[in-house]
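Student: Once you have looked at the hints, place chain B on chain A.
Protein chains: 2
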Amino acid sequence: MKDLPLSDVYQLLEPGPVVLLTSCHNGRTNVMTMSWHMMVEFTPPLVARVVSRADYSFAALRATRECVIAIPEAELAPKVVEIGNCSGREIDKLETIGLTPLPAECIAAPLIAECFANLECRVVETRLVNKYDLFVLEVLKAWRDPRQRNPKTIHHRGYGVFVVDGETIRPKSRMP
Amino acid sequence: MKDLPLSDVYQLLEPGPVVLLTSCHNGRTNVMTMSWHMMVEFTPPLVARVVSRADYSFAALRATRECVIAIPEAELAPKVVEIGNCSGREIDKLETIGLTPLPAECIAAPLIAECFANLECRVVETRLVNKYDLFVLEVLKAWRDPRQRNPKTIHHRGYGVFVVDGETIRPKSRMP
Chain A
1 MKDLPLSDVY QLLEPGPVVL LTSCHNGRTN VMTMSWHMMV EFTPPLVARV VSRADYSFAA
61 LRATRECVIA IPEAELAPKV VEIGNCSGRE IDKLETIGLT PLPAECIAAP LIAECFANLE
121 CRVVETRLVN KYDLFVLEVL KAWRDPRQRN PKTIHHRGYG VFVVDGETIR PKSRMP
Chain B
1001 MKDLPLSDVY QLLEPGPVVL LTSCHNGRTN VMTMSWHMMV EFTPPLVARV VSRADYSFAA
1061 LRATRECVIA IPEAELAPKV VEIGNCSGRE IDKLETIGLT PLPAECIAAP LIAECFANLE
1121 CRVVETRLVN KYDLFVLEVL KAWRDPRQRN PKTIHHRGYG VFVVDGETIR PKSRMP
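Listed in order, the protein sequences are those of chains A and B.
Residues 1 to 176 in our numbering are what the first sequence lists, from first letter to last.
Residues 1001 to 1176 in our numbering are what the second sequence lists, from first letter to last.
Just chain A, same shape as in the assembly (with noise of 0.2 Å):
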């Protein structure tokens, strides 16, 4: 993994891609699939997300503070899917379903191996945790594997079904 500049952050977020979102509470680590987040801010980076509170990863979150958003490629989607369809609860979740912690620089959660890019990230702002289980974070720090050149994301529509990345256009505008 290398340094990718935090004002890039944006680029990777802003399409709407499902997401990883690991933990690390009591020594216990722990990973979620996620798709509600958005960018709040460019620089530093923000960026808003919904976990609920039926969540595993809830509690971690709003004790420790941290987390990481790890993105995965279109090839992890069945992956992603099996960490959508249980629970930190009783399982090791990383280790059951084989993908790779890496250690982070800043925090305790790790990173993921077999991910594009990894944020880590600290809680800035909890007022809306209570009614809406929104969280803003900072990221604090963004990896990206160079060997991954183009990878293609996934977004979800609903019941487990994907769209993948298509085509990349760049649309001049018709205005005289």
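Since the hints were derived computationally from the structure, they do not count as laboratory data.
Among these hints, one or two may not hold up.
[What the hints assert, rightly or not] In silico PhoX-like links for lysine-lysine, alpha-carbon gap of 20 Å or less: (1) A:Lys-172 <-> B:Lys-1131; (2) B:Lys-1131 <-> A:Lys-131; (3) A:Lys-172 <-> A:Lys-2; (4) A:Lys-141 <-> A:Lys-2; (5) A:Lys-152 <-> B:Lys-1131.
[Unchecked claim] Facing chain B, according to a computed beta carbon distance under 10 Å, are these residues of chain A, among others: (6) Ala-63; (7) Arg-65; (8) Glu-82; (9) Lys-131.
[Stated by the list, open to error] Non-contacting residues of chain B with respect to chain A, defined by C-beta distances greater than 10 Å in every case (computed): (10) Lys-1002; (11) Asp-1003; (12) Leu-1006; (13) Gln-1011; (14) Cys-1024; (15) Thr-1029; (16) Asp-1055; (17) Ala-1063; (18) Arg-1065; (19) Val-1080; (20) Ser-1087; (21) Pro-1103; (22) Ala-1113; (23) Glu-1114; (24) Arg-1147; (25) Arg-1149.
Given the structure is predicted, the values throughout are model-derived calculations rather than measurements.
Backbone N, C-alpha and C define an ideal beta-carbon position, used for all residues, glycine too.
Tutor: Quick look at chain B alone, frame taken from chain A:
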């Protein structure tokens, strides 16, 4: 435009498409392009979004507490770029760019006839507006154009580059 059940709204926004936002303030209609939005709740559907206070639409949203989120198909990409490249301070964007306003049912801001889905929204949460320009909206009414059967949306990657929806997949879990 036909009724879309409110419980289906998340399927449209969760994949992270570029959307248009219309407003109506002091008799003036405006439209902007945006990608910084996410789902917050399924039913009633709540959506968070960041509208920079530098945007002309910010004042309208703050004053009227209403807007329409309209979702364009990929063929509208050139018009989406045009909308993002000019300001409603100077021109009537819908008319100049050639998009057709339709009356909404619950609010004054217009639907956009060319968009395959239109969501009438009301602001329900403003605590994070001062610090982050972040609004939470409730979708009051949702519309879908039944003639646009399988619309492909676009996702912004920064610098005017967009990725168009590609293949749809339903990955099978490989867990036993």
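Student: Work down the list of hints and note, for each, if the structure agrees.
Tutor: Against the structure, the hints come out as follows:
About 34 Å separates the Cα atoms of A:Lys-172 and B:Lys-1131, which puts this hinted pair outside 20 Å; it is violated. For the proposed pair B:Lys-1131 and A:Lys-131, the alpha carbon gap of about 18 Å is at most 20 Å, so the pair holds. Annotation: proposed proximity of A:Lys-172 to A:Lys-2 is violated, straight-line Cα distance about 33 Å (limit 20 Å). Proximity of A:Lys-141 to A:Lys-2 is assessed by CA-CA distance (about 11 Å); at most 20 Å being required, the pair is judged to hold.
Proximity of A:Lys-152 to B:Lys-1131 is assessed by CA-CA distance (about 34 Å); at most 20 Å being required, the pair is judged violated. Hint status for A:Ala-63: violated, given a least beta-carbon distance of 22 Å to chain B, over 10 Å. This hint is violated: A:Arg-65 has a C-beta 17 Å from the nearest C-beta of chain B, more than the 10 Å allowed. The restraint placing A:Glu-82 at the interface with chain B holds, with a minimum CB-CB distance near 5 Å, inside the 10 Å limit.
Nearest Cβ of chain B to the Cβ of A:Lys-131: about 8 Å, under the 10 Å cut. The hint holds. The non-interface label for B:Lys-1002 is consistent with chain A: the shortest C-beta to C-beta separation is roughly 19 Å, beyond 10 Å. Distance check on B:Asp-1003: its Cβ is at least 18 Å (rounded) from any Cβ of chain A, clearing the 10 Å threshold; non-interface status holds. Every C-beta of chain A lies more than 10 Å from that of B:Leu-1006, the closest at about 14 Å, which supports listing it as non-interface.
At roughly 4 Å from the closest C-beta of chain A, the C-beta of B:Gln-1011 falls inside 10 Å, breaking its exclusion from the interface. Here B:Cys-1024 stays apart from chain A, with its beta-carbon at least about 23 Å from theirs, past the 10 Å limit. Every C-beta of chain A lies more than 10 Å from that of B:Thr-1029, the closest at about 19 Å, which supports listing it as non-interface. Consistency note on B:Asp-1055: stated as away from chain A, and its beta-carbon is indeed over 10 Å from all of that chain's, at 14 Å minimum.
No Cβ of chain A approaches the Cβ of B:Ala-1063 within 10 Å, the least distance being about 22 Å, so the stated non-interface status holds. B:Arg-1065, annotated as away from the interface, keeps every beta carbon of chain A farther than 10 Å; the closest lies near 17 Å. Distance check on B:Val-1080: its Cβ comes as close as 7 Å (rounded) to a Cβ of chain A, failing to clear the 10 Å threshold; non-interface status is violated. Against the 10 Å criterion, B:Ser-1087 stays outside the reach of chain A, whose nearest CB is about 13 Å from its own CB.
Taking the minimum C-beta to C-beta distance to chain A, about 27 Å, the non-interface status of B:Pro-1103 holds against the 10 Å cut. Under the 10 Å C-beta cut-off, the non-interface status given to B:Ala-1113 relative to chain A holds; the minimum distance is some 19 Å. With a closest Cβ-Cβ approach of about 14 Å to chain A, B:Glu-1114 is found to remain outside the 10 Å limit, as its non-interface label requires. For B:Arg-1147, the non-interface assignment is confirmed: its Cβ lies about 20 Å from the closest Cβ of chain A, beyond the 10 Å cut-off.
Distance check for B:Arg-1149 against chain A: the nearest CB is about 15 Å away, which clears 10 Å, and the non-interface claim stands.
Violation of the numbered hints given earlier is confined to hints 1, 3, 5, 6, 7, 13, 19; the remaining hints are satisfied by the structure.
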